[in-house]
Amino acid sequence: MTHFVLSQISFRKESKLEEDWKHWIAELSDGVNWEDLLEKAFYLSLDFIGLFLICYVVFKLTDKVLLRGLDRAFRKTKNKFDDLLIDKNVLKPLSYFIPMLVVWWLAGYFFWRYPLLIQVIERVAAVAAVASLVTFFQRFLSTVGDALDDGDHFRDKPVHSYVQLVTIVGYVLAAIVMVSILAKVEVTKILTTLSALTAVVILVFKDTLLGFVSSLLISANDMIRVGDWITVKDFGADGTVLKITLNVVKVQNFDKTISMVPTYAFISHSFQNWRGMEDSGVRRIKRSLNFNMSKVRFVDADFEAKLKTCLGPSMPHSFAEKLVGSSGNTNLTLFRHFTECYLKAHPEISGAATIMVRQLQPTAEGLPLEVYAFSKTIDWVEYERIQADIFDFLIASASCFDLDIYQGVTGADLSNIKEVSA
0 MTHFVLSQIS FRKESKLEED WKHWIAELSD GVNWEDLLEK AFYLSLDFIG LFLICYVVFK
60 LTDKVLLRGL DRAFRKTKNK FDDLLIDKNV LKPLSYFIPM LVVWWLAGYF FWRYPLLIQV
120 IERVAAVAAV ASLVTFFQRF LSTVGDALDD GDHFRDKPVH SYVQLVTIVG YVLAAIVMVS
180 ILAKVEVTKI LTTLSALTAV VILVFKDTLL GFVSSLLISA NDMIRVGDWI TVKDFGADGT
240 VLKITLNVVK VQNFDKTISM VPTYAFISHS FQNWRGMEDS GVRRIKRSLN FNMSKVRFVD
300 ADFEAKLKTC LGPSMPHSFA EKLVGSSGNT NLTLFRHFTE CYLKAHPEIS GAATIMVRQL
360 QPTAEGLPLE VYAFSKTIDW VEYERIQADI FDFLIASASC FDLDIYQGVT GADLSNIKEV
420 SA
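Numbering (numbering that gives the first Met the number 0), first residue to last: 0 to 421.
Read the hints as simulated data drawn from the structure, not as lab findings. What you are looking at is a predicted structure, and each value in this text was computed from that prediction instead of being measured. Beta carbons are placed, not taken as given, at the ideal position from N, Cα and C, and that holds for glycine. Incorrect hints may have been included.
[What the hints assert, rightly or not] Each computed DSBU-like pair below joins lysine-lysine, with the alpha-carbon atoms no more than 30 Å apart:
no. : residue 1 : residue 2
1   : Lys-79    : Lys-59
2   : Lys-375   : Lys-255
3   : Lys-242   : Lys-87
[Said to hold, decoys possible] If you anchor each label on the Cβ, the simulated ranges turn out as follows:
no. : residue 1 : residue 2 : range
4   : Asn-220   : Arg-384   : 30 to 40 Å
5   : Ala-344   : Asp-86    : 13 to 23 Å
6   : Met-292   : Leu-208   : 52 to 62 Å
7   : Val-165   : Ala-344   : 51 to 61 Å
8   : Thr-197   : Lys-59    : 42 to 52 Å
9   : Leu-37    : Leu-66    : 39 to 49 Å
10  : Ser-44    : Phe-80    : 43 to 53 Å
11  : Lys-321   : Arg-384   : 20 to 30 Å
12  : Tyr-108   : Val-64    : 21 to 31 Å
13  : Lys-232   : Leu-208   : 53 to 63 Å
14  : Lys-59    : Tyr-108   : 13 to 23 Å
15  : Lys-255   : Val-123   : 41 to 51 Å
Let the sequences and hints guide you as you build the complete structure.
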């Protein structure tokens, strides 16, 4: 009995809802000519389909006929730049740009009965055309930058900095034009509004503006180039410049890691560029040996004879001439002359550059004798070999002059002292 009552109540409620729904639809459609409405919707759909088909045909003609024709024509030329245009799909956005122009032009013919719809379609098509044009512009500039990077004249110039700057300007102008189209506001009014927001723009684009100014100064003063060996201690960069962009300079360190240094850091921070050394073709050797000052003494004729026997054929001819009548000099003076003569006679030391052997300020570690010369090669491996060979020879020769090279006390020294004391 209870179930029967509930079912009747539910049935009555559903019937009431159905009646209210039908009554609401009847009031809503009162006075509506459904036949006329369906006819307009049908013809409007045909207009959309027709415009879409025309747009699709134009797209295919542009993409398959025009662009492929240009592809085949460019491949036949010897110019590498047009090949880059094809490889990087620079012309592809034009296959969207042209159909959007067609839509913008034909909208008034297809939808002449609907002025508001014409405005919407024209604005959307215009915005899409601008977006396609900006994409083409960006790809073209990027390809130009890559082509200039591959060339000999601009390989070491910050081309990508200027490409990025022009691209950013293009994006900003395109955004202004799009807003002008959608809002139907003159571009001058938008620019006037933006000028009032200059402080905000400067704050937002601070790094970009700093990078742009830095790029101009770097280029004008020829401070760094792609391929330069630079050292920026504040940023832990020590290696070869790979790329100079608007915001960062990409450096490959000698341990094969990559450092990204802000472009403006080359204006606000100190750094070292080794280009001068590479251009000169020579590399400096600047290293010292510390001698025990208690071993420095005057020499006599017997010392000269002993020295000739000890050095033997390794004695430079120019030093043998200086050795004659050298009584009264110190053994350290003779060693200094010996080192100078050895460096001047060395086949891998540049005779056109400075060659100097000098004493430095004495310290608790002994008396430093510094070698200052330039190798004929800038190759890192060869440079280190030459430098090591020179100092190996000098260290081995020091004992012939009765000189002791200073070094800290080691375990072997302590053992010797213990044995002597025992």
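Could you work out which of the previously given hints the structure breaks and list their numbers from low to high? The structure breaks hints 5, 13; every other hint is satisfied.
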